[in-house]
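For the sequence shown, the positions run 1 to 227 when UniProt numbering is used.
Honestly, the hints are just simulated from the structure, not real lab data.
For clarity, every value in this text was computed on a predicted model and none was experimentally measured.
Any given hint could be a false lead.
[Claimed, not checked] Now the in silico label distances, taken between C-beta atoms and shown as ranges:
1) ILE205 x SER82: 52 to 62 angstroms
2) GLU43 x GLY80: 58 to 68 angstroms
3) VAL75 x GLU137: 37 to 47 angstroms
4) THR164 x PHE200: 53 to 63 angstroms
5) THR164 x VAL193: 13 to 23 angstroms
6) VAL193 x SER82: 31 to 41 angstroms
7) ARG141 x LEU169: 12 to 22 angstroms
8) TYR190 x GLU137: 40 to 50 angstroms
9) ILE191 x ASP119: 38 to 48 angstroms
10) GLY80 x GLY203: 28 to 38 angstroms
[As the list claims (entries may be wrong)] Straight-line C-alpha distance at most 20 angstroms; calculated SDA-like pairs for lysine to any residue:
11) LYS116 x GLU127
12) LYS116 x SER167
13) LYS116 x SER134
Note that the Cβ used here is the ideal one computed from N, Cα and C, for glycine as well.
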Amino acid sequence: MPSLLYSMPLSCFLTTYTPSMLHGNQTYVVDITSDDLLVELQELIGTCFLFCFCSCCFICVFAVLTDKVSLQDTVEAFIGGSVILPCSLSAQDLTLQDINVHWRQNGSKIVYDIVKGEDSVAFQDSEFKNRAESFPEEYLRGNFSIRLNNLQHTDGGTYNCYITHSSELKTIQLTINGADSVGESLLWVYIVVPVLTILFIVGLILFCWGEKKLKLPQSLLFQLMNK
1 MPSLLYSMPL
11 SCFLTTYTPS
21 MLHGNQTYVV
31 DITSDDLLVE
41 LQELIGTCFL
51 FCFCSCCFIC
61 VFAVLTDKVS
71 LQDTVEAFIG
81 GSVILPCSLS
91 AQDLTLQDIN
101 VHWRQNGSKI
111 VYDIVKGEDS
121 VAFQDSEFKN
131 RAESFPEEYL
141 RGNFSIRLNN
151 LQHTDGGTYN
161 CYITHSSELK
171 TIQLTINGAD
181 SVGESLLWVY
191 IVVPVLTILF
201 IVGLILFCWG
211 EKKLKLPQSL
221 LFQLMNK
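When you get a sec, could you build the whole thing from the sequences and use the hints?
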């Protein structure tokens, strides 16, 4: 293939070249072959798809980690229904004097207290009045679960069950499903789909750019030969 002469900076080319000095002016003889461009195009496409793959993996992992934080239990319920929030202790040598359990929502709201084996609702948050109940017959078995009735949308959140006897902290994530939660469940769809679409478009643009780059030297050569 005949060589093409370009009087332009060397940095404009990404392909292999052989420099030559003619009459004191910097002129480079650039040998561009289809094989060289094909190799570069393959590397470009490979890099693009690797980037897209890594981005998709990051999005998926981030979604999973955000949806289920640590090893906490996840419980789902519906507005107007009831739900049992589990909390248990494996110890079998409990006495009523040992039983002190504190239920909290989002770290601050008092949901339910069990003090020395007795229910204590004196400082219970008003949102849970007459809606939270425990199972006293299960205390000596180490079962300190509670039931929430007449669920409301505001009941959703993180619940902590602190057992003072063993200094254990149980965490339960309560999700309330209803008309408002449908949009929340589709939130990841609204985020992931546009991101994947953008990545696909970027990959397509890079692919088309590589195809154009492959054809460009041949078209320039054809024009120069016709002059």
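Review point. Are the Cα positions of LYS116 and GLU127 separated by 20 angstroms at most?
Key: Answer violated: LYS116 to GLU127 is near 24 angstroms, above 20 angstroms.
*For THR164 and PHE200, compare the CB-CB distance with the range 53 to 63 angstroms and indicate the outcome.*
54 angstroms, holds
**Message:** Quick check on a hinted range of 12 to 22 angstroms for ARG141 and LEU169, using CB atoms only.
**Reply:** 20 angstroms, holds
Can you confirm whether the C-alpha distance between LYS116 and SER134 stays at or below 20 angstroms? 14 angstroms, holds
Point to revise | 20 angstroms Cα cutoff - pair LYS116, SER167 | key: Roughly 15 angstroms between the alpha carbons, so the hint for LYS116 and SER167 holds.
Task: Range hint compliance [Cβ, ILE191 to ASP119, 38 to 48 angstroms] - done: Given about 43 angstroms between the Cβ atoms, the range holds.
Determine whether the Cβ-Cβ distance between ILE205 and SER82 falls within the hinted range of 52 to 62 angstroms.
54 angstroms, holds
Taking the CB of THR164 and the CB of VAL193, does the distance hold inside 13 to 23 angstroms?
-> 47 angstroms, violated
request  = With respect to the beta-carbon atoms only, verify the hint that GLY80 and GLY203 lie 28 to 38 angstroms apart.
outcome  = About 47 angstroms separates the Cβ atoms of GLY80 and GLY203, which means 28 to 38 angstroms is violated.
Distance restraint evaluation - TYR190, GLU137, Cβ atoms, bounds 40 to 50 angstroms: 47 angstroms, holds
_The hint says 31 to 41 angstroms between VAL193 and SER82; measuring C-beta to C-beta, is that right?_
Between VAL193 and SER82, where Cβ atoms are some 35 angstroms apart, the hint holds.
**Item:** Range hint compliance [Cβ, GLU43 to GLY80, 58 to 68 angstroms]
**Value:** 59 angstroms, holds
Checked against the numbered hints above, the structure violates hints 3, 5, 10, 11; every other hint is satisfied.
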